[in-house]
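Let's have the full structure, built from the sequences with the hints guiding it.
Protein chains in written order, with our numbering: chain V, 1 to 386; chain S, 1 to 593.
Mixed in with the good hints there might be a few duds.
Unchecked claim - Result set (DSSO-like, lysine-lysine): computed pairs, CA atoms no more than 30 Å apart in a straight line: (1) V:K339 with S:K84; (2) S:K543 with V:K339; (3) V:K338 with S:K84; (4) V:K336 with S:K349; (5) S:K543 with S:K25; (6) V:K176 with S:K78; (7) V:K176 with S:K543; (8) S:K349 with S:K568; (9) S:K568 with V:K176.
Just so you know, the hints here were simulated from the structure itself, not pulled from any lab data.
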Amino acid sequence: MEKKGLNKVDLIFEKVDPKEVLTMAYKMKSSEIIQKVLDSGLKGRGGAGFPTGLKWKYTAAVKEPEKYVVCNADEGEPGTFKDREILDKVAYKVYGGMVIAGKAIGAKKGIVYLRGEYRFLLPQLMKELESFHKLIKEIGYDFKINYCLGSGAYICGEESALFESVEGGRGEPRNKPPYPTTSGIFGKPTSINNVETLVTAMMIIKHGPESYSQLGTKDSRGSKVFSISGDTPTPGIFELELGMSVQEFVNEFGDGDTKAVQVGGASGFCVPRKRFLQTVIGFEGVPTGGSMKLFNSSRSMYNVLHNYLDFFAEESCGQCTPCRVGCQQLLKGVQKVKKGEVKSTYLNELVKLADTMKVASKCGLGQSVGNAFRTIVENFREEIIY
Amino acid sequence: MINLSINNQRVSVQPGTTVLEAARKLNINIPTLCNHPDLCVAGNCRVCVVEQTGARTLIAACAMPVAEGMDIQTNTLKVRNARKHIVELLLSEHRSDCTKCYKNQKCELQALANEFAFGDTIFLDLTEDHPYTIDRSSPAFTKDDSKCIRCQRCVRTCFELQHISAIAVANKGLHQKISSFHDRPMSHVVCTNCGQCVNRCPTGALVEKTYIDQVWDAIYDPDRHVVVQTAPAVRVALGEDLGYDPGERVTGKMVTALRQLGFDSVLDTDFSADLTIMEEGTELLTRLKKVLVDGDKKTSIPMFTSCSPGWIKFIEHKYPEFLPNLSTCKSPQQMFGALAKTYFAQKKKLDPSKLVSVSVMPCTAKKYEADRPEMRASGYKDIDYVLTTRELAVMIKQAGIDFKNLESSHYDSIMGDSTGAAVIFGATGGVMEAALRTAYEIVTGKEVPFTNLNITPVRGMEGVKEATIKIEGCKPEWKFLEGAELKVAIAHGLVNANKIMKQVRNGKSPYHFIEIMACPGGCIGGGGQPIPTSMEIRKNRMKAIYSEDEHMVLRKSHENPDVIGIYKEFLGKPNSHVSHELLHTHYVERESY
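Laid out in structure tokens, this is it:
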């Protein structure tokens, strides 16, 4: 397997002249932009990792006068806080990415769906947006960005639940198909991208796909902003090249006593010490939307798991059976196992349940609850039981 | 056409067909729960998951459109395990007091449990973690959240079919529930008691409030005389709960069964339906005269029918400014009730205080209507107990009656006579057709100009129907209507009523007379009718209604001998003083939440 070491990168927060990049993009054809993003190998930075170029290509292919670019800034995954930093420091690059996406797919409207808890950023974001709108008008773009605020539900980060929320409905995921590329916001073709993805796309236009794709590995091109928290002497935000192993990551950020790293937040995977060396951070190993949480030996993995399950039981939208009831069963189940009220072998039933949730839930939330559950129960079974 | 294979059988279907529909074409049964033929796809119970070759996850058959070359397996181990888990999960949050439950053996969750979840329970009981209350505030139905499985059929019904959303989804995750505005009791929200949600609830979470025991008590009380009336739509649907296919007319057997149950007088709501036509038809003509001839600004046109108590509550909540447009006529049930304890008691020399008046209705809103404070014109509660079609079927089963082998018999005399015009009250457009048959004849002295009296433009399942009838050859006293074109409209299902009302509110309504029924298809699709319901079932019941009409000797309300008799002996003439006392009512404005 192709591997890269730990290398710090400065792409996302690099200062650029938006006028220069957007003028470049303005002169390109829609298909040219899409080809560059395809060539770069960029995959969505929200966590699911869908190739961005393909998403744009599909949306561009739909013949419909009204289309939308949506920036998913509903950063809700526990342990992720990189989008807040990006919006705080380089919002103009997020807007820039949206304009480029708009040009690529043929959309004139953009919506930033901002996490409700980030409302405090709004005045400064609106101010920047005002001057940004002036800038793109000068260049010649016909594109307008609006803000929409979330109200605290984790599920609204799921793309179709986000659309429902924008449209004024309950934040509940839709049945797919149809996919957003054909029927997204208000039933119109929509490209919905993560904050970081949009910034990255702008940087690909600036530096070219060749230079970008030199970073990372075959399956995980480029670099990624990580939100690092937990038992680490250096918590914070770091942009790193993809392709490093968890071991290399822990060597840099651990406190010398790291027993596990939760990669990808509550919906991600728990990597125990014994697998640090062989586990690559990236789509070939453990993918992440940016959340990296380190746990040292003082932590009870039962508490970690309990915390995640409590979170999911609360944050499931509640519409589909496997997720709504499954989360409650997993939570109550581990509580009873811990208290000795059911046999420890009941954990095996719960693992099977987590597998059902993975294949039978309606959306990514329910499908990914099992990730943390399985990896924590399999690797730290004794901590759950005793 | 799209070609796919399900369980290795090839099938070609139209684009847009779901995997579930394609499977049904092959007679492959995929279990469902949240799915309902009258409602939009939800895809939330996940019971219908199937395996698609090459897909990362299982797919919900009800929500997945077919695609070329799809390879579907509906019964693999993976599918069975997931379904078993899903049913077990639903059971773990459902308070399973099955043997005591009103829906026992009629519960869709129970049927699935029987198939997928017999034997040892896998998961922990969650019902103890969720405190619940049973909302018994409505006189029409009971809402028990502890039996709710969040399939949202009720929510979709209330929104899509009725445009009310008295119930909606509240909260998320483990706290998710089906609730009302600010968790108010159902008696204090915009709910119309139509019972369409009750009709579609797969479990015992929403059931009609039953009065079976009270009716038995009355029947067994030797001091009481129990009168029963049956609505037109009951006779074409009751059979479904007693072993017949939808659309079977069981009028005669039903009458025999009611006698065997012990009712002292078995009478027909059809009688008061005919009476309604006399009163409402006269009211319409009087209104037209006031508006067209007298220039009376206080009189309102269009006039709306007032037979459907769900519709009445809807307009009271949503369009109270148009209450003056509602006919003041009580519904046939309530006209009957007022006369049972006055006219009927006098004729039969019965003490009205000892008379118990029971009605069998296709409707849950009728239970509410009977409880309205206005409905005590006789000096007593005009209708004591309202049973749904389903409750009557339960009583027939309780009594051990072999329904299929019953002889037919006729209703008692006095308030037992019926015409075809009254029977068709049970279907959307029926009141309109009956009213036109009579009103046209009052005005012109001739029969309505439609072949065999069948006014076909007002029939059928279209949401909003309209018709224009030119009035020609008027009698002298109705000369002002000569050459006039009477414009009428019909809506059924409150979502369609809302369309009509918006038009009226915008001042764009061209109509003189509008019939509105709260339930899809009219009373044949009422909330108290046998479960399940679907367009096909409702169409069969409708066919039976019109066939009942065709088989009647008398097909015009004003020819009903009992109706002629009561005007001669008791009421005088339509809209007389006595009529107004007993047969007409008023309405109240209500809040819109």
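Outcome of the hint check:
1. V:K339 with S:K84: It holds: about 27 Å lies between the C-alpha atoms, which stays within 30 Å.
2. S:K543 with V:K339: Roughly 63 Å between the alpha carbons, so the hint for K543 of chain S and K339 of chain V is violated.
3. V:K338 with S:K84: Satisfied, since the Cα-Cα distance of roughly 26 Å is no more than 30 Å.
4. V:K336 with S:K349: With a Cα-Cα distance of about 70 Å, the restraint between K336 of chain V and K349 of chain S is violated, given a limit of 30 Å.
5. S:K543 with S:K25: 26 Å, holds
6. V:K176 with S:K78: 21 Å, holds
7. V:K176 with S:K543: 39 Å, violated
8. S:K349 with S:K568: 19 Å, holds
9. S:K568 with V:K176: 67 Å, violated
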